[in-house]
Amino acid sequence: MKALCSGKERKNIVAVRAGERLLDLSEPLTADTVLEPVTKDSPEGLDILRHSAAHIMAQAVVELYGPDVKVAIGPATEDGFYYDFDRKEPFSPDDFAAIEARMQEIVAAALPFSRETLSVAEARKFFQDKGQPYKVELLDGIEAETVSIYRQGDFADLCRGPHIVNSSLLQAFKLMRIAGAYWRGDEKRPMLQRLYGTAFFDAKELKKYLHHLEEAKKRDHRKLGRELELFTISDLVGPGLILWQPKGALARRLIEDYWKDEHYRNGYELLYTPHIAKRDMWATSGHLDFYAENMFSPMEVEDVTYQLKPMNCPFHIAIYKTSKRSYREFPIRWCELGTVYRFERTGSLQGLMRVRGFTQDDAHIFCLPEQLEEEIFNIIDLNLLILQTFGFTEYDIYLSTRPEKYVGSDENWQKATEALKMALEKKGLQYRVDPGEGVFYGPKIDIKIKDVLGRAWQCSTIQVDFNLPERFQLAYTAEDSRDHQPIMIHRALMGSLERFFGVLIEHYAGAFPLWMAPVQAKVLNITDAQLDYVDRVYQQLRQAGVRVEKDSRNEKLNYKIREAQLAKIPYMVIVGDKEKDTETVTVRLRDGKNLEPMSVSDFAEMIRKESRIR
RNA sequence: GCUCACGUAGCUCAGUAGGUAGAGCACUUCCUUGGUAAGGAAGAGGUCACCGGUUCGAUCCCGGUCGUGAGCUCCA
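Here the first sequence is numbered in this note's numbering, starting from 4 and rising by one per residue.
No wet-lab data here; the hints were simulated from the structure. Incorrect hints may have been included.
Claimed, not checked - Here are the in silico distance ranges between beta carbons for each label pair: (1) Glu473 to Asp399: 27 to 37 Å; (2) Pro438 to Glu92: 11 to 21 Å; (3) Asp384 to Ser122: 53 to 63 Å; (4) Thr308 to Arg556: 14 to 24 Å; (5) Arg90 to Asp399: 49 to 59 Å; (6) Asp399 to Glu218: 21 to 31 Å; (7) Arg348 to Val240: 11 to 21 Å; (8) Gly270 to Glu473: 17 to 27 Å.
Claimed, not checked - Calculated lysine to any residue pairs in the SDA-like style (CA-CA distance at most 20 Å, straight line): (9) Lys43 to Pro78; (10) Lys418 to Leu477; (11) Lys207 to Asp260; (12) Lys128 to Val110; (13) Lys418 to Gln476; (14) Lys207 to Glu296; (15) Lys408 to Leu390; (16) Lys281 to Trp262; (17) Lys430 to Leu477; (18) Lys210 to Glu81; (19) Lys583 to Ala512; (20) Lys220 to Val410; (21) Lys559 to Leu592; (22) Lys128 to Leu142; (23) Lys177 to Leu213; (24) Lys263 to Tyr275; (25) Lys453 to Met356; (26) Lys177 to Pro46; (27) Lys596 to Ala570; (28) Lys424 to Leu385; (29) Lys177 to Leu141; (30) Lys73 to Leu142; (31) Lys133 to Gly69; (32) Lys281 to Leu311; (33) Lys177 to Glu217; (34) Lys581 to Leu598; (35) Lys250 to Ala512; (36) Lys451 to Lys408; (37) Lys418 to Ile529; (38) Lys451 to Ile529; (39) Lys571 to Ser614; (40) Lys73 to Met194.
Note that the structure is predicted; figures quoted are calculated from it, not measured. Ideal Cβ positions, reconstructed from N, Cα and C, are used throughout, including at glycine.
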């Protein structure tokens, strides 16, 4: 080790890496091991600290609340750590101070983390004697011959490691929240109490992280949605059902207009379809068998049962079936901003991100097998273009394969999965496989964009489907003048307009780019002497197609500016006597800067130019 | 759906050891006519989420329902 680095660097080392494995610094070395240091500033180093913090928290909890607290698991997470406990009495945030204080004592004691290797049988006896059934159950699932336990002070935990050398390295930590969590993530098993915390090597980092959380909170789309009057959710209407207020509705219209234009350019035709359909149709499509738990309850109308739509595909299929199709028509690209309803459990609803009624920017492409690859390419290109237009350039791509419950033959699934995979690879796009996460009728490519809170939101989805065409017996006449079955691609790029808008609000903190800002400019007068001029400027801008408001209230300019600023309006158009006399306006930008006075028509032209999307 | 927490005026929040409530902002009216982030005054506004229970009496205590938040589970 000494040979590896200088003394200063050594202080910075948390663990070492030997090939794939991470090892404690206390690990005995063999001559032939090649070691690589894991430092404090590496992601692995931080993970090790946080994992150790989880152990220290568990130790504190056991010491404070007695050995009848059962410990489950406690890993590091993306932004901290947690530990799951089974305890009769609920933890409350009031307990945090005591647990943190106890943790501080453990840190101050600089307890070494020591590793012991035991056989599985020995370990089982050890945890049985300690009265820790969750640990025993974990051991039941371990196939290796030996396991390791880590001790610090009197606390011992089943753990692969590695850990920090001793508890004094935990310099900056904070308990964050309490939540319920099912043992092993299974809702049929006991609900445990999960304590979340976060930890860093130094206090500055912790402070920075907490500050980041504060900033993220300011961008919360639910808060901004209310403040900017974009959308609301009403008890009168019901949970998970979005009401778009005028400003939000206008932004949505701009998004939809752009979407429609872009689709027209890319060879799509627009459809409209109804919100309900006969139950029989949902039986044919397989939704009743495979998607019923997500559907709203059926309704009877004149002895026929109908059901709200959770997807648009069967409606597009019905349109497909209106005439005999020829291969010469292909590819058929049909798109629709289709509003669907899905039953979501109350506990999972969240603002615009998770709702019960939402509009998909859906499309279905019917094509020949030999057109499949190119169509997928086209979709990916259009997809990335649209995301880019909205300012999203960072995303994770997933390839989701066949789920447990599915329709269709294995052969079809394999063909479809292969097609998606080939497309991603030929495009040179990095992706991860999400096994078993496909839809019941086909595999899919999902693109998840990240919001400021670091949450990844699934928006885009591209699905290849050989199965619904079969179920609905879709056909086209091929060159051989015989009937063949078309392939169907389902895709949504923004995914849900609601969710996408939510991500947009957080992405821009409500300060939308000019082209999609519901209000682009607000005309503010200084005194009543300019009332007539305010009106003229307002009318002229409105005629020129600028989305403009005016504030001619009897208030001070400061006050009007403050309001417009809080409303995140891109341009404030200020008119006083000076402007009135010269037939000009003074423009103030969102960032506080002022432009030179200009004519109203020049300003309108400036807005027109800047609002161009591409 | 599950666990925990929360639910007071449009918004943000006080408050009552159980005796039917208060601030700031917003709103209305009046005064003020003021050049780049809150001028002043007055007024209106709440069956303290809803339903039951305990009590002489409940916004406050207890139970249930609904809703919200953080997670779990599930997903666009």
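Q. Which numbered hints does this structure break?
A. 2, 4, 5, 11, 12, 14, 15, 16, 17, 19, 20, 29, 36, 37 and 38
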